[in-house]
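Chains as they are written, first to last, in the numbering used here: chain A, 529 to 675; chain B, 529 to 675; chain C, 529 to 675; chain D, 529 to 675.
Certain hints may be false.
Where chains are identical, the list cannot tell them apart; a pair therefore holds if satisfied intra-copy or between any two copies.
Said to hold, decoys possible - Here are the simulated lysine-lysine pairs, DSSO-like style, with alpha carbons at most 30 Å apart: (1) K602 x K655; (2) K652 x K586; (3) K602 x K586; (4) K652 x K602; (5) K655 x K586; (6) K657 x K602; (7) K602 x K618.
Since the hints were made in silico from the structure, they are not lab data.
Now for the letters of each chain:
Protein chains: 4
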Amino acid sequence: MHADQPQPRSAYRAFSLLPTRWMDNDIYGHVNNVNYYSFFDTAIAHYLMREGGLNPWKSEVIGFCVESSCRFRKAVQFPDSITAGIRVKKIGRSSVQYEIGLFRNDDEETSADGYFVHVFVERKSEKSKPLPEPIRLALMNLLMPAD
Amino acid sequence: MHADQPQPRSAYRAFSLLPTRWMDNDIYGHVNNVNYYSFFDTAIAHYLMREGGLNPWKSEVIGFCVESSCRFRKAVQFPDSITAGIRVKKIGRSSVQYEIGLFRNDDEETSADGYFVHVFVERKSEKSKPLPEPIRLALMNLLMPAD
Amino acid sequence: MHADQPQPRSAYRAFSLLPTRWMDNDIYGHVNNVNYYSFFDTAIAHYLMREGGLNPWKSEVIGFCVESSCRFRKAVQFPDSITAGIRVKKIGRSSVQYEIGLFRNDDEETSADGYFVHVFVERKSEKSKPLPEPIRLALMNLLMPAD
Amino acid sequence: MHADQPQPRSAYRAFSLLPTRWMDNDIYGHVNNVNYYSFFDTAIAHYLMREGGLNPWKSEVIGFCVESSCRFRKAVQFPDSITAGIRVKKIGRSSVQYEIGLFRNDDEETSADGYFVHVFVERKSEKSKPLPEPIRLALMNLLMPAD
Numbered sequence: 529m530h531a532d533q534p535q536p537r538s539a540y541r542a543f544s545l546l547p548t549r550w551m552d553n554d555i556y557g558h559v560n561n562v563n564y565y566s567f568f569d570t571a572i573a574h575y576l577m578r579e580g581g582l583n584p585w586k587s588e589v590i591g592f593c594v595e596s597s598c599r600f601r602k603a604v605q606f607p608d609s610i611t612a613g614i615r616v617k618k619i620g621r622s623s624v625q626y627e628i629g630l631f632r633n634d635d636e637e638t639s640a641d642g643y644f645v646h647v648f649v650e651r652k653s654e655k656s657k658p659l660p661e662p663i664r665l666a667l668m669n670l671l672m673p674a675d
Numbered sequence: 529m530h531a532d533q534p535q536p537r538s539a540y541r542a543f544s545l546l547p548t549r550w551m552d553n554d555i556y557g558h559v560n561n562v563n564y565y566s567f568f569d570t571a572i573a574h575y576l577m578r579e580g581g582l583n584p585w586k587s588e589v590i591g592f593c594v595e596s597s598c599r600f601r602k603a604v605q606f607p608d609s610i611t612a613g614i615r616v617k618k619i620g621r622s623s624v625q626y627e628i629g630l631f632r633n634d635d636e637e638t639s640a641d642g643y644f645v646h647v648f649v650e651r652k653s654e655k656s657k658p659l660p661e662p663i664r665l666a667l668m669n670l671l672m673p674a675d
Numbered sequence: 529m530h531a532d533q534p535q536p537r538s539a540y541r542a543f544s545l546l547p548t549r550w551m552d553n554d555i556y557g558h559v560n561n562v563n564y565y566s567f568f569d570t571a572i573a574h575y576l577m578r579e580g581g582l583n584p585w586k587s588e589v590i591g592f593c594v595e596s597s598c599r600f601r602k603a604v605q606f607p608d609s610i611t612a613g614i615r616v617k618k619i620g621r622s623s624v625q626y627e628i629g630l631f632r633n634d635d636e637e638t639s640a641d642g643y644f645v646h647v648f649v650e651r652k653s654e655k656s657k658p659l660p661e662p663i664r665l666a667l668m669n670l671l672m673p674a675d
Numbered sequence: 529m530h531a532d533q534p535q536p537r538s539a540y541r542a543f544s545l546l547p548t549r550w551m552d553n554d555i556y557g558h559v560n561n562v563n564y565y566s567f568f569d570t571a572i573a574h575y576l577m578r579e580g581g582l583n584p585w586k587s588e589v590i591g592f593c594v595e596s597s598c599r600f601r602k603a604v605q606f607p608d609s610i611t612a613g614i615r616v617k618k619i620g621r622s623s624v625q626y627e628i629g630l631f632r633n634d635d636e637e638t639s640a641d642g643y644f645v646h647v648f649v650e651r652k653s654e655k656s657k658p659l660p661e662p663i664r665l666a667l668m669n670l671l672m673p674a675d
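Sequences are here, hints too, so could you generate the full structure?
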């Protein structure tokens, strides 16, 4: 599922700037692997809220993460700043698979990249639901031509 | 790479008890997906330190995460307690692939499971190194008969 | 507001066991100061849910933190386990001040101690409300004789 | 020790921009109290590294937090962005007391403010040491005229 090579910025469609925090660094002096997944879900949530109308406090249909993965290629360390790029690989009836690339400072290639799968569910019953239309439209803008 | 089905406790060889924390719960009232990866690397570090003699403050050879992944099957929420089971899938010259299962309270099947790959490197040069012998021996105890 | 000296276990009334996690350690090899506050609010939430009937998903009246503080006396490091002790200093109409001590492994004196103030509010309006009776009763059990 | 009132931006001398992350929000839909302390120590570390020459990977003399405190005045929630302002209240031989204010988006008054005390120690012995001269000079620039 993972790309063999680091990815360029042109492989992504929407971007978020995510500065690192002091406590992201672990005992080895690098951003701990766990925090990369926070960059992933922050970038995705930014996009869904800004472009898809998701309201995490009130929306009846919300996204649950059902699978994620990251390949770590090059260390990042506070006070580096991360630019997270996202694209959409596949849109299903009630699910979407994102691919995310993390760029350190001005780097042109990903320091880490991976994927993240959302299933949309009704908040109360937690049963899967079709993607709300504004979200589907927003996600279609993240499909890459080659896909 | 992921199992199709939840895994039983008998599929793992070493276990750590990892209570959840209040702030692990996110706005949807479940443990956020990011924290699962902290359960993964805590369980692995516990084992390497306890059984393999890893000293994160001083060892010349340390493990860097190069890839990880999780499939989320069932929600967990504070104040649930997690039991993390680990096993080893493959041991290479300088790398090891772990598989981890997370069990909610007394559940017999995983709420989430995934994998995590360590490459061992020299702390200063960050160049890959063969697994230190005490670590290799400890990891061999986590291989499953079926493997 | 802080005690001059480390506190003994006998200075607290209810206890939670809180193992550290790998990523709690920061670049200096100690549990980062930020995480101590997670031990504080986890210990308090445990108690309110277990003894006071707080249901964070549904209760109409919930607690917001309005002030907290910690004095750090001695370093703690993963894989240490923390025992958090709590007591109540003062109960008001809609607020409560807790004091918390964190004990490293089997230590008899606090490695860190501090306080935490909750104001109880109606979930929707976020206006302050009197402490719900079951919570008030549970908190009274945490008052120390000397107080 | 805490100000009675929210503080204005003019009460601080150096600023860092710190976007919130999805997982900062807790079950009540606000940034959890714990994360505010990460804003505190990130803002301070930024300044010490940028202006005082602190190198967390190598410096012989490093800062340990011995006390911190925060008063929470108004909720903040992802995707708000925080501007952290810092000033210095007191410089001792081997310690410094910072005061920090957190501003939500374009707000003119603090949503939260507090203090943080560093003691500088020799990395290996963990014995207190005089403030390194470049750090002392950088910190003097954060003293407020009124002090």
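Practice problem: Check each numbered hint against the structure and report the violated ones by number, ascending. | Solution: Violated hints: none at all, because every hint is consistent with the structure.
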